[in-house]
Amino acid sequence: MIQRECGVLKTSYAADMALYPLPIARKTMVAIAVLFALVLPVALDPYYLSILNLIFIAVIGAIGLNILVGYTGQISVGHGAFMSVGAYTAANLAVRLDFPFWLSLPLGGLMAALVGAIVGIPSLRIKGLYLAIATLAAQFIIEWMINHFTWISGGVQASIEVPRPTLFGHGIASQLEMYFFLLVFVVLAVVGALNLMRSRIGRAFVAIRDHDIAAQIIGIDVFRYKLLAFAISSFYAGVTGVLYTYYLGIANYEQFQLGVSIDYLAMIIIGGLGSILGSVFGAVFITLLPIAIRWAMESFGGALFSQQAVLNLIPNLRLILFGLLIIFFLVVEPEGLSRLWRNIRNYFRVWPFAY
Amino acid sequence: MFDWQFLLLLVSNGILLGLMYALIALGFVLVYKATDAINFAQGEFVMIAGFAVAVAMAAYGAPWWLAAGIGLAGMIAFGFGLERTMLRPLIGRPVVAVIMATIGLAAVLRGVGPLMWGAETRALPLPIADEPLVLGPLLISPIQLVGAAVSLLFLAGFAWFFLKSRKGIAMRAVADDQQVAMAMGINVERYFGIAWAMAGVVSALGGIVWGNLLGVDVHLALVGLKVFPVVILGGLDSIPGAIVGGLIVGVVENVAAGYIDPLVGGGTKDFAPYVLMIVALMIRPYGIFGKQIIERI
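So the protein sequences, as listed, match chains A and B.
Per numbering that gives the first Met the number 0, the first sequence runs over residues 0 to 354.
Per numbering that gives the first Met the number 0, the second sequence runs over residues 0 to 296.
Isolated chain A, as found in the complex (with noise of 0.2 Å):
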């Protein structure tokens, strides 16, 4: 966040490692803690806010991935089909035996958790393209077995319908208590990893990322680390695919698909690798983009296409914008939006001098 040391002096080692180490940055967060609680449920009106729901939920899983492949350097093209674990998971549990969502989503994570520790055995072994084809062969088996399994998928059209969750007897039901039910796990998941990555187990994962071997000969136990990893990452992934589950009512598993993983995949390249503000920008930035498209050419395609092309032009151009953002942070900024965030805030530090 925004950063002017000047005047500040650390005197111990805790205040350095701190989370917030300068007043500006407490102030920072705590306008952006009212802006969130406070300002924006009352300013907006329930369209806005299920468009940040969507972001919300984004953010989560964007984060968990952003542990996996920015900070431990391994691939997943499976986070989906782990989301759509979670999901079924938490919606069979809420369904057949009516546990509340306080209990069917952590264990909905865990399950997650589970499959994605089992998928990440072979990362032992096989490293970059390897696992990346490993897991996107596990997308394909889970969407498999949920679709074929009908004790796990409920039969008809493999989706369950969820009961809304409820918080003392009271049912969330509309977007802005749906608001404030996400708008926690966002600050849990947010503030979770944002510890996790300043802990041991962090710096483990960087080392790993860095270089394997060398990590191992320095006493870091990669294969613990990197099952670790992706435990803790598919665990964000199944909180995220219950969250969504939640949110819409249905357990569906063409909502956690191929394209599922790979848009959170992008949302981690735009945003930056390695980078939990990052995650956030690339959440957002990605699921602000088809909405855009949808606006502008609702709004203007009009005037140059007729309405059926514009209809046709939709998700195509989607897709195409989708694929030339994904090419274009690789070539021309491989950190992403949070190297430019870092970027305008090292201007302003100085600012008005140079250097």
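None of these hints come from the bench; they were simulated from the model.
It is possible that part of the hints are untrue.
[As the list claims (entries may be wrong)] Each computed SDA-like pair below joins lysine to any residue, with the alpha-carbon atoms no more than 20 Å apart:
1) Lys163(B) to Ala174(B)
2) Lys268(B) to Ile140(A)
3) Lys268(B) to His147(A)
[To be verified] Covered by chain B, according to a simulated footprint, are these stretches of chain A (three or more residues, beta-carbon under 8 Å):
4) 258–268
5) 324–338
If you're wondering where the values come from, they're calculated on a predicted model, not measured in any experiment.
Ideal placement from N, C-alpha and C gives every residue a C-beta, glycine not left out.
Chain A is fixed; fit chain B onto it per the hints.
Using the frame of chain A, we list chain B on its own:
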């Protein structure tokens, strides 16, 4: 009583299908062998080539050989252009970057195809009979035979190219170590371009054959998903591996679909190759013919 004829039919179709998979996998192997880049957009290459040929025939009334020529030329130009604009800046970057860039490219191509030429399925008619040939108990569709023949021809051609020709040997040197190849006076970037153009040629052929078999629309790109089991089984950098992997995948998926589909209600065709691949990854991650990489710090 066990039905041998049914099994024989499944296996023979699987072999032909597998050779056609090998053709597409070849494009992937060529690029990986020469440039160490991984092309997740191989299926989309095939789709775009199929579109180009089908549109040239349907909209502009070109005869099939001219349309095929246009497709080939277009894909060669596309391969060179792609290498120059997208892949050259990514040289020396982590594997994940190239994987993601080609995934992005796949999205672009999947959007561009229907945007330019419409979403409906187009036929790609070739002067080949539709009726299957009857050989005793076997039914063989002629287009699959042609596809298998084309694929064998090109596999043999590329095998010769890499083993004997000057350019092929240079390309192997580039694949082995880019810096050393550069020091030996090989124009590395030019060979990267050639490799992508060759992948374009193979994709164009794949697009014609598969387009005739399945019809040309966005779903043609799904053929590309079969490439991964094929190359993992055979070995990423091995041309004979592409054939063997293709044959294994073709036979396994056909036999599995024939026997398991009635039990579970479909979908085995897309699923069985990936299970096979996971097993292969556990046992021999570098494939049947692939080169084992020993890592040092």
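Hint by hint, here is what the structure shows:
no.: 1; hint: Lys163(B) to Ala174(B); verdict: 16 Å, holds
no.: 2; hint: Lys268(B) to Ile140(A); verdict: 12 Å, holds
no.: 3; hint: Lys268(B) to His147(A); verdict: 13 Å, holds
no.: 4; hint: 258–268; verdict: holds (count 4)
no.: 5; hint: 324–338; verdict: holds (count 6)
The structure meets every hint from the earlier list without exception.
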